[in-house]
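S.K.: Spelled out from the first residue to the last, the chains are:
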Amino acid sequence: MASIPKLLEISGLRVAFPGEAGPVEVIHDLDLAVSAGETLALVGESGSGKSVTSLAVTRLLDYAGGRITQGRMNYVDRAGTSHDLARIAADEMRTLRGPEIAMIFQEPMTSLNPVLRVGEQIAEAVMLHQGLSEAEALEEARRLLERVRIADAPRQLQRYPFELSGGMRQRVMIALALSCRPRLLIADEPTTALDVTVQAQVLRLLRQLQAESGMAMIFITHDMGVVAELADRVAVMRLGQKVEEGGVEEIFARPQHPYTKALLAAVPVLGALSGETLPRAFDIEGVVSAPQDTVRADAAPVLEIHDLTTRFPVRRNFRLRAQVHAVEHVSLSVQPGETLSLVGESGCGKSTTGRSIIRLEQPNSGEIRLEGADISHLTRTSEATLHRDVQFVFQDPFASLNPRLTIGFSIAEPMLTHNIAKGAEAERRVHELLREVGLTPEHAQRYPHELSGGQRQRVCIARALASSPKLIIADEAVAALDVSIRAQVVNLLMGLQRRLGLAMIFISHDMAVVERVSHRVAVMYLGQIVEIGPRQAVFNNPGHAYTARLLAAVPIPDPAQRNRAMAFDDSEVPSPLRALDDPPIVAPLVQIGPDHFVARHSVGGRY
Amino acid sequence: MSGSTIRTPTAEFMRRFMRQRVALVALAVIMLIVLAALFAPLVAPFEPAAPDYDSILEGPSAVHWLGTDAYGRDVLSRIIWGGRVSLTVGFLSVALGAVFGVMIGLVSGFFGGWLDALLMRLMDVLLAFPGIILAIGVVALLGPGIDNVIYAIAVFSVPVFARLVRGSTLELKQTLYLQAARSIGVKAPMLMFRHILPGAMPGVIVYASLRLGTSILTAASLSFIGLGARPPSAEWGAMLADGRSYLGVADHLTLFPGLAIFALVLAFNLLGDGLRDALDQKLR
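Quick mapping for you: the protein sequence lines, in order, are chains A and B.
Note that the first sequence covers residues 1 to 607 in my numbering.
Note that the second sequence covers residues 1 to 284 in my numbering.
It should be emphasised that the hints constitute simulated quantities derived from the structure, not laboratory data.
Idealized CB from N, CA, C, for every residue including glycine.
Careful, some of the hints might be misleading.
Reference excerpt, derived from the structure (chain A facing chain B, CB under 7 Å, subset only) [stated by the list, open to error]:
1. F105
2. Q106
3. Y259
4. K261
5. I358
6. H387
7. A399
8. L401
9. P414
10. T417
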């Protein structure tokens with residue numbers, strides 16, 4: 001390794017941001033190095049300083065208000081000249097950005113200019129850095145799109161960013177970054193906003209492109225699965241410091257630092273429960289969890305849905321032109337104490353199903369029964385029952401709490417609304433709930449912005465429990481949390497289920513977490529349930545091709561399994577938007593095992 | 001980052017407002033005028049309506065700091081007493097306009113549909129009149145007098161508040177915390193008053209302070225053309241009108257009331273700007 005010259009060598013880097021009481025240092029004495037052709041993964045939870053490091057290297061930091069207070073960042077350019085990026089002039093840095101160092105970001109929609117065609121944006125970069133004419137640049141843009149495996153490239157050049165899917169946009173961003181043939185690519189969480197199958201496509205693409213061009217890559221991520229898929233070397237960061245660095249096999253097999261060990265232990269691994277029928281909480285802090293045997297199969301179901309259909313109208317000139325078929329003839333039921341997971345990719349209708357149950361969306365047709373009582377047509381009393389017995393936990397805990405109300409009031413609100421308790425009684429109950437979710441009664445006086453992300457989600461869970469519901473619908477409730485916090489919140493939910501016998505609908509795209517929490521799983525695709533059954537049966541023996549594809553795309557946090565055959569294709573998920581006279585075919589569910597049903601399509605399609 | 005960043009929204013607002021130097025000066029000017037008006041009987045050196053035919057149209061002197069008018073009345077005392085009228089008209093008309101405007105905007109934005117369309121077209125009609133003309137129309141309808149000036153100015157404040165609050169309501173209606181509140185079954189009045197209104201208040205406060213300036217100016221204008229305060233009550237606009245006949249002979253009769261209007265209106269506008277900067281999440 002020593003013989004390869006270092007492309008970028010960072011030593012003793014310190015970065016500070018201005019604060020109330022003088023500058024606040026966020027990167028402390030960081031050493032890092034990348035060689036040509038190598039992929040370095042920067043891993044850490046939110047606030048670890050991994051993104052700030054990437055901003056420092058590109059000096060975009062200057063525009064974000066930060067300052068490099070100490071250290072060197074030696075970069076050797078194409079001509080062999082060495083630059084210290086920590087001290088470089090802004091003009092000189094600008095000539096390096098693009099042809100030498102390029103960046104891709106998490107959110108491809110906001111990184112692309114919405115009013116310019118994709119082709120124009122790529123051509124602009126090409127003209128700027130390679131001095132080609134406009135026609136030549138457009139031709140080069142087409143070639144670049146083909147290189148990032150975008151089908152029908154000439155037509156895509158003419159489209160605007162909003163016309164492309166998330167995965168396509170990220171590929172356009174990659175094409176844009178590659179347009180100047182950079183030698184160092186810095187990718188800041190480039191697949192975090194993407195669905196698993198799309199993420200797998202983008203990761204594979206990055207690996208192939210790197211092999212073709214020999215560029216170095218700094219890959220910033222919080223996802224250990226992605227690290228295992230891609231990295232040669234890993235640097236683990238925490239609170240602005242590098243706590244451990246090493247080869248990817250070494251880090252995964254023999255982590256040295258306690259933080260790395262804790263981080264790896266908290267990562268849910270798909271397949272960890274393949275030999276067990278029941279869900280089981282995470283083993284954290286040395287506590288081995290017991291199987292979650294809470295389902296009361298003999299009791300009447302808490303919730304039954306038959307043929308639920310929710311469509312969104314698309315109007316033009318006041319006339320209904322088309323419909324988005326968000327939920328199509330979905331039927332399911334949940335027993336007391338049972339967790340049913342709804343899985344699928346964005347746009348598959350899993351959230352709309354949950355939102356239709358609590359009437360944040362109005363279903364077009366179908367029957368919803370809560371403990372046997374039909375609540376499809378809400379009356380004043382059945383509406384109150386619904387909002388008391390079914391509670392919803394949203395993905396973003398910060399946005400779902402009113403910033404102007406105290407935590408205590410937010411938790412008490414369901415009780416006040418439904419006249420369950422008030423005054424001192426409500427206060428006592430709030431304190432009890434706070435303790436139940438692992439917070440203290442003192443938190444009642446605080447405001448949401450004073451808490452951390454994990455604490456806020458605990459508050460939202462306490463709020464959901466306040467009206468003593470029978471069913472909790474958790475919509476991606478742990479998706480926005482850091483891994484270690486995520487494991488804690490998942491365990492909290494499962495503990496509550498054990499103590500209170502709650503039924504749960506767990507809506508998630510994260511198959512590894514789903515494996516941990518669910519008794520049964522329903523896989524959704526284009527608004528329909530294509531497979532539903534006991535978790536073990538669905539995961540070990542998927543009956544539908546889409547389920548298999550979804551499971552295969554999940555990155556496995558084990559570098560030894562990196563080169564497993566990836567049997568998925570580059571196809572895009574079709575749009576659920578359909579013309580009025582073209583209703584989707586709803587395939588009947590066929591039983592293939594005990595309680596295990598799969599949609600069988602009569603057409604020769606794969607799904 | 002550090003522990004000291006934990007603040008309530010109110011404390012954060014105070015901290016940011018305290019850094020607005022200009023706005024603090026403006027607030028001091030307003031407080032000075034408000035206190036003077038409040039304690040006018042104690043502060044004013046003379047009776048505002050008492051004539052003194054021995055000293056007519058005198059310029060500023062040690063006895064009459066700002067001079068006297070055609071009846072020998074002390075200009076400073078009249079300005080201090082006149083402040084009462086201007087401030088009363090300003091505060092009452094803005095308060096009245098804000099209360100109705102906020103209610104209309106809240107209802108309109110929250111319920112939407114035909115109610116929204118109806119209310120907003122009504123507001124558009126009011127907005128289509130230039131403010132002063134609308135006020136003249138209302139006074140013409142109700143008859144001159146300071147009470148009617150308050151109603152007239154309130155009427156043309158309503159649509160701006162309604163639009164402002166409707167905008168914030170539409171925005172806040174989309175927030176996740178409102179959906180969360182709906183999902184636990186919170187009823188419409190509670191959603192409007194507890195979850196939406198506090199979020200719309202910063203805009204209302206800023207606009208109210210800017211509006212105070214405009215309202216005081218409009219009140220003075222109405223008095224100037226004889227539709228507001230009736231003589232002999234001291235009012236800045238009326239004083240300007242009286243002094244107009246003596247321009248070139250006794251300029252202080254128009255200068256000092258004019259300055260008073262100018263100072264108060266400017267102070268409210270600067271205060272409004274400062275409040276906006278302190279309350280705006282986007283500015284730092």
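S.K.: It remains to establish, for every hint, whether it holds in the given structure.
M.R.: Now for the hints, and whether the structure bears them out:
1. F105: 21 Å, violated
2. Q106: 20 Å, violated
3. Y259: 20 Å, violated
4. K261: 27 Å, violated
5. I358: I358/A check passes; min Cβ-Cβ to chain B is 5 Å, inside 7 Å.
6. H387: With a closest approach of 3 Å, the H387/A hint holds.
7. A399: Where the cut-off is 7 Å and the nearest Cβ of chain B is about 4 Å from A399/A, the hint holds.
8. L401: 6 Å, holds
9. P414: 4 Å, holds
10. T417: Holds. Min distance 5 Å.
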